[in-house]
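These protein sequence lines map, in sequence, to chains A and B.
Taking my numbering, the leading residue of the first sequence gets 1, the next gets one more, and so forth.
Taking my numbering, the leading residue of the second sequence gets 1, the next gets one more, and so forth.
Treat the hints as calculated values from the structure; they're not laboratory data.
Given the structure is predicted, the values throughout are model-derived calculations rather than measurements.
Accuracy of the hints is not assured; some may be wrong.
Below, simulated SDA-like cross-link-like pairs (lysine to any residue); rule was C-alpha separation at most 25 Å, straight line [as the list claims (entries may be wrong)]:
| id | chain 1 | residue 1 | chain 2 | residue 2 |
| --- | --- | --- | --- | --- |
| 1 | B | 87 | A | 40 |
| 2 | B | 119 | A | 9 |
| 3 | B | 119 | B | 148 |
| 4 | A | 54 | B | 104 |
| 5 | A | 54 | A | 134 |
| 6 | B | 87 | A | 34 |
| 7 | B | 119 | A | 73 |
| 8 | A | 54 | A | 152 |
| 9 | B | 119 | A | 33 |
| 10 | A | 54 | A | 38 |
| 11 | A | 54 | A | 7 |
| 12 | B | 119 | B | 165 |
| 13 | B | 119 | A | 3 |
| 14 | B | 87 | A | 41 |
| 15 | B | 119 | A | 12 |
| 16 | B | 119 | A | 52 |
| 17 | B | 87 | A | 39 |
| 18 | B | 87 | A | 181 |
| 19 | B | 87 | A | 35 |
| 20 | A | 54 | B | 83 |
| 21 | B | 87 | B | 60 |
| 22 | A | 54 | B | 87 |
| 23 | B | 119 | B | 103 |
| 24 | A | 54 | A | 181 |
| 25 | B | 119 | A | 7 |
| 26 | A | 54 | B | 165 |
| 27 | B | 119 | A | 166 |
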Amino acid sequence: MGRYHRPLALADALATLAGGPATVVAGGTDVFPARLGRPFAEDVLDITGITALKGIGLDGGWLRIGALATWSELAQAPLPPWLDGIRRAAREVGGVQIQNAGTVVGNLCNASPAADGVPSLLALDAEVELASSAGLRRIPVAEFVLGNRRTARRPEELATALLIPEPGPGARSSFEKLGARRYLVISIAMAAAVLEPAADGTVGRIRVAVGACGPVARRLPALEAALRGLPLGPDLAGTVTPAHLDGLSPIDDVRGTAEYRREAALVLVRRAIRTLTEQA
Amino acid sequence: MSGTLNRREVLSGSVLGVAAAGLGGAALGAAGPDAVAATPAAAAQGSPARAEIVLRVNGRDRLLAIDPRTTLLDALREHMALTGSKKGCDHGQCGACTVHVDGRRVLSCLTLAVAVQGKAVTTIEGLSAGDRLHPMQQAFIAHDAFQCGYCTPGQIMSAVACVHEGHAGSPAEIREYMSGNLCRCAAYPNIVAAIEDARNQMERS
Ligand SMILES: Cc1cc2nc3c(=O)[nH]c(=O)nc-3n(C[C@H](O)[C@H](O)[C@H](O)COP(=O)(O)OP(=O)(O)OC[C@H]3O[C@@H](n4cnc5c(N)ncnc54)[C@H](O)[C@@H]3O)c2cc1C
Ligand code: FES
Ligand code: FES
Chain A
1 MGRYHRPLAL
11 ADALATLAGG
21 PATVVAGGTD
31 VFPARLGRPF
41 AEDVLDITGI
51 TALKGIGLDG
61 GWLRIGALAT
71 WSELAQAPLP
81 PWLDGIRRAA
91 REVGGVQIQN
101 AGTVVGNLCN
111 ASPAADGVPS
121 LLALDAEVEL
131 ASSAGLRRIP
141 VAEFVLGNRR
151 TARRPEELAT
161 ALLIPEPGPG
171 ARSSFEKLGA
181 RRYLVISIAM
191 AAAVLEPAAD
201 GTVGRIRVAV
211 GACGPVARRL
221 PALEAALRGL
231 PLGPDLAGTV
241 TPAHLDGLSP
251 IDDVRGTAEY
261 RREAALVLVR
271 RAIRTLTEQA
Chain B
1 MSGTLNRREV
11 LSGSVLGVAA
21 AGLGGAALGA
31 AGPDAVAATP
41 AAAAQGSPAR
51 AEIVLRVNGR
61 DRLLAIDPRT
71 TLLDALREHM
81 ALTGSKKGCD
91 HGQCGACTVH
101 VDGRRVLSCL
111 TLAVAVQGKA
121 VTTIEGLSAG
131 DRLHPMQQAF
141 IAHDAFQCGY
151 CTPGQIMSAV
161 ACVHEGHAGS
171 PAEIREYMSG
181 NLCRCAAYPN
191 IVAAIEDARN
201 QMERS
């Protein structure tokens, strides 16, 4: 068997990773179920003792979500309305017991196509902070998730936080998830949207992303461009057409067919946009 | 509290081989809150490395010497003879293994025992005050909120936390915030009724 490490200092964790590969464990809600009946052969780096990785807070125009911040902490933190979308997602990840242990950063690093946090992170233009004993680097989430269970994280790196830039005044966000039942369910498709309204009551900037419709969640740039400048009213959602979703590449699987996913994604995107216009 | 272990509590653990052998002061000292728990020295010989840890369960400190990858659920059931927490699925899907760690509900099947050192673990066995049942336990009986009963310890631990969190305001809210606990017997309507009833009593007291 491998070694089990539970350091209390970040520097010790980075030294461990510099010394050789280890499976990082945060909330363990993705790692442990995947290992049922198959004990760890490799080294394990449990990061739950590292206080420096805790917490969620706004700082100098950025929201910082530490690597140990759980979905429950995100749902309960006093945060501005432009984070409503990802906080909606926080309540849809598993049940409360999963939300009490599972981390936002773990959801991203696991890089499941059905990870509920990723569409919101893409729509929020979030960046990942990666640390190694050589130093820190930051890359956009869009460049971090490379494919199904593949990320740009190097083996010697630890993701230490997510950083989300504060949007313009009046910004708001939404999230819609479709599963085979209401709660405790893996997404068939989900959509996230972030709106920065213009002063004249039209769409200033809008960012829309769809998940579970391809190996990685994706933004919809054609749709975002088409919506810019349109009036922020009840008709906005209806302007979304199937062609705006052409960039998606859904598959057939046990949870639904590609055809069904494409249709569901269209409905979810419209709903996410309707929620934004109703919040006005 | 880690200094208050007595010999009988130590011996009542079922992991005596290494626990007893390692009972020197150094072992106890190293098992304080958040201590690095790995003792991988034995790995070289191919025998499992053991971690000596103190777990605070239902107000009592227990010394265990376990493989550091042992889940809290296995530590409770296999090493402490606390079999109230159930193993329904062992991978986070059912909620039967729900316990409280520092008052928050977590799945003991997805939690390593070494990671909760220095924290207060409460299981279904620790909920009642002696023979006096917790209002939630009483309400589950009064409302017939189970059939086979296998999910019940997890339901009750989750329900107590649900009320403490302030998430038991309405039947719809209870259903959302109890969604991590499945019941194969589908006693859901009675579970929701029991939680509403217990919530009222817990708020009064
Ligand atoms: C019953 C159940 C229901 C679930 N429901 C949902 C759901 O509805 N939606 C959803 O999206 N997910 C769901 N999940 C999956 C999981 O709970 C989430 O993805 C969660 O956010 C993972 O976080 P974690 O901290 O538990 O990750 P872990 O399991 O600890 O880690 C996940 C992965 O990320 C890596 N990792 C974690 N932290 C870091 C770090 N700081 N640096 C580098 N690598 C890191 C790990 O090595 C591992 O590969 C569910 C899981 C279960 C068991
Ligand atoms: S046994 Fe832990 S959730 Fe099923
Ligand atoms: S009472 Fe049988 S599983 Fe719930």
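Index of numbered hints that the structure contradicts, given in increasing order: 3, 10, 20, 22, 24 and 27
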